Amino acid sequence: MLVKSKPGLFQRFYVVEILKGLAITMRKFFFGKTVTIQYPEERREYSDRFRGMHYIKSVNGVENCTACMLCPTVCPAECIHIEAGERPDKEKYPVKFEIDSLRCCFCGMCEEACPKDAIKLSNIYEMSQTSREVYDKKFLMEQRGHK
Amino acid sequence: MDQLDWIITVGKCALIAFILLQVVPLMVWVERRGSALMQNRLGPNRLGPLGLFQGIADAVKMLFKEDRIPGHVHALYYKLAPVVCLVPAFMTFAVIPFGSQITVGERVLNFQVADLNVGLLYVFSIASLGVYGIIMAGWSSNNKYALLGSLRSSAQMISYELSLGLSVIGILMIFSSVKLGDIARQQGEILLQLGPISIPKWGIFVQPLGFLIFMTSIFAETNRLPFDLPEGESEIVAGYHLEYGTMQFGLFMMAEYINMTVGAAMITTLYFGGWQLLPGMSAIHAHLGDLLALSDMAREWVRVGLEITSFTLKVVFFLWFFVWVRWTVPRFRYDQVMDLGWKVMLPLSLVNIFVTGVLIYYKVI
Numbered sequence: 000m001l002v003k004s005k006p007g008l009f010q011r012f013y014v015v016e017i018l019k020g021l022a023i024t025m026r027k028f029f030f031g032k033t034v035t036i037q038y039p040e041e042r043r044e045y046s047d048r049f050r051g052m053h054y055i056k057s058v059n060g061v062e063n064c065t066a067c068m069l070c071p072t073v074c075p076a077e078c079i080h081i082e083a084g085e086r087p088d089k090e091k092y093p094v095k096f097e098i099d100s101l102r103c104c105f106c107g108m109c110e111e112a113c114p115k116d117a118i119k120l121s122n123i124y125e126m127s128q129t130s131r132e133v134y135d136k137k138f139l140m141e142q143r144g145h146k
Numbered sequence: 000m001d002q003l004d005w006i007i008t009v010g011k012c013a014l015i016a017f018i019l020l021q022v023v024p025l026m027v028w029v030e031r032r033g034s035a036l037m038q039n040r041l042g043p044n045r046l047g048p049l050g051l052f053q054g055i056a057d058a059v060k061m062l063f064k065e066d067r068i069p070g071h072v073h074a075l076y077y078k079l080a081p082v083v084c085l086v087p088a089f090m091t092f093a094v095i096p097f098g099s100q101i102t103v104g105e106r107v108l109n110f111q112v113a114d115l116n117v118g119l120l121y122v123f124s125i126a127s128l129g130v131y132g133i134i135m136a137g138w139s140s141n142n143k144y145a146l147l148g149s150l151r152s153s154a155q156m157i158s159y160e161l162s163l164g165l166s167v168i169g170i171l172m173i174f175s176s177v178k179l180g181d182i183a184r185q186q187g188e189i190l191l192q193l194g195p196i197s198i199p200k201w202g203i204f205v206q207p208l209g210f211l212i213f214m215t216s217i218f219a220e221t222n223r224l225p226f227d228l229p230e231g232e233s234e235i236v237a238g239y240h241l242e243y244g245t246m247q248f249g250l251f252m253m254a255e256y257i258n259m260t261v262g263a264a265m266i267t268t269l270y271f272g273g274w275q276l277l278p279g280m281s282a283i284h285a286h287l288g289d290l291l292a293l294s295d296m297a298r299e300w301v302r303v304g305l306e307i308t309s310f311t312l313k314v315v316f317f318l319w320f321f322v323w324v325r326w327t328v329p330r331f332r333y334d335q336v337m338d339l340g341w342k343v344m345l346p347l348s349l350v351n352i353f354v355t356g357v358l359i360y361y362k363v364i
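Chains as they are written, first to last, in numbering that gives the first Met the number 0: chain S, 0 to 146; chain F, 0 to 364.
For reference, chain S alone in the conformation it holds in the complex (with noise of 0.2 Å):
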């Protein structure tokens, strides 16, 4: 709701109110608190929920992925591109895993899709590149961000 007041005769003529403003000014200039970051130096915490960066969570330098195509399938980008092989021992997993990130659109569906928690999604949310790479399976496995 609007609220009018009326300013009576004595405010009208300013310059005590003006006076007014301006101790308000001078003491956040003295007092006020900087409420900004220094960014290189500082940064934001934030949450662990935070979908930043992919990577894909290795056990003993085995990744966990299985290549059930389950994240490619749910990926509404259609950023994710999966080859699968098979190991000696009959196990199945991905020759290739390749995440287009100027794809994708972070919505972490994959995390959520995948069955081995293998896809995970990390705190990191500094990508910017002076070159179009697709990230492989290599660079996905080495950088796991902050969790």
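Rather than coming from a laboratory, the hints here were simulated on the basis of the structure.
Accuracy of the hints is not assured; some may be wrong.
Stretch-level coverage of chain S by chain F, calculated; a stretch enters the list once three of its residues show a Cβ under 8 Å from a Cβ in chain F [said to hold, decoys possible]:
1. 7 to 21
2. 33 to 44
3. 125 to 131
From the derived model, a few chain F residues whose C-beta atoms are all more than 10 Å from chain S [unchecked claim]:
4. Gln2
5. Thr8
6. Met37
7. Arg40
8. Leu41
9. Val103
10. Tyr144
11. Leu211
12. Val328
All values derive from a computational prediction rather than experimental measurement.
In this text, a Cβ means the ideal position worked out from N, Cα and C, and glycines have one as well.
Once you have looked at the hints, place chain F on chain S.
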């Protein structure tokens, strides 16, 4: 005038021009850091101590940008306009005294470039030349926003020049001189003696209403907030300097800050005693002289130094006040500015003249 006089005059001109040029990057820094701290930010703090070299970086950036002239402008006036804005801003400072005089041998050194007989009138006539630069910039840019901005600016400057001129008449009536040196000197006289405290005859004590009107008009005259009509992102983009880039834009910005400095110096000279010592400084002068057992000549030099210091401190305060007000008071709408100028400031300044006249007639002041 012999050769030494010429050298002294040229030296004073060079000194003032140099100081005015240094004020610009410093004021930009003060403005940005000050506004940041008032708004709970930090402002530029990367370059040099506390970000002090930011102004130099900005200047270097402007100087090395491509000097591009848009195809649709009138090239001659387009190039001329920033210069026409900047030069009057410098010229005004010539008559402002920044210290009293000192006698060296047979020569009287005046701390003022030129003590013209028409002092104050010279200031007003030169200051109003700045309007031409703004109109030229707006017209030659061949752009509707630029033209609207320059028209607004010139309309505002002309309407506030009335109240500016009329508010000073009170000062002229009291000190009965238009020479700024005389006005500054007469403000050293004592107005009231309240026991140990003596109140000097500073302009603000004899002309409080005139001071308020003068200050408001100076704000409007220098196109500073709360009266910054020529600019307005939501209405007319950048106003008259819309089509300008590189150092040509830089010259407009320099003109604004130098005008501010001149405005602050005018307020100081007319209403705050000019180079008259700040309270307590005369005691410092006497003590310092006794303490160091100085000769008469050295005492004179210390006095002049203190006078220049107090003038500088006063000007610095008013420069800070410009920044302070800018980030406190909200912006006026165009019609509100015109209302204030014509319906409030003009009648008030006429009332001020009348009341001053009555007070002088009955010998109160």
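We went through each hint and held it up to the structure:
1. 7 to 21: holds (count 4)
2. 33 to 44: holds (count 4)
3. 125 to 131: Violated - the stretch 125 to 131 of chain S has 0 residues with a Cβ nearer than 8 Å to chain F, which falls short of three.
4. Gln2: 50 Å, holds
5. Thr8: The claim holds: Thr8(F) sits with its nearest Cβ about 40 Å from chain S, beyond 10 Å.
6. Met37: Contrary to the label, Met37(F) does not stay out of reach of chain S, its closest Cβ about 5 Å off (not over 10 Å).
7. Arg40: 5 Å, violated
8. Leu41: The claim is violated: Leu41(F) sits with its nearest Cβ about 5 Å from chain S, within 10 Å.
9. Val103: 43 Å, holds
10. Tyr144: Tyr144(F) is indeed farther than 10 Å from all Cβ atoms of chain S, at 30 Å.
11. Leu211: Non-interface label fails for Leu211(F): nearest chain S Cβ at 7 Å, not farther than 10 Å.
12. Val328: With a cut-off of 10 Å, Val328(F) comes too close to chain S, as the shortest Cβ separation is near 6 Å.
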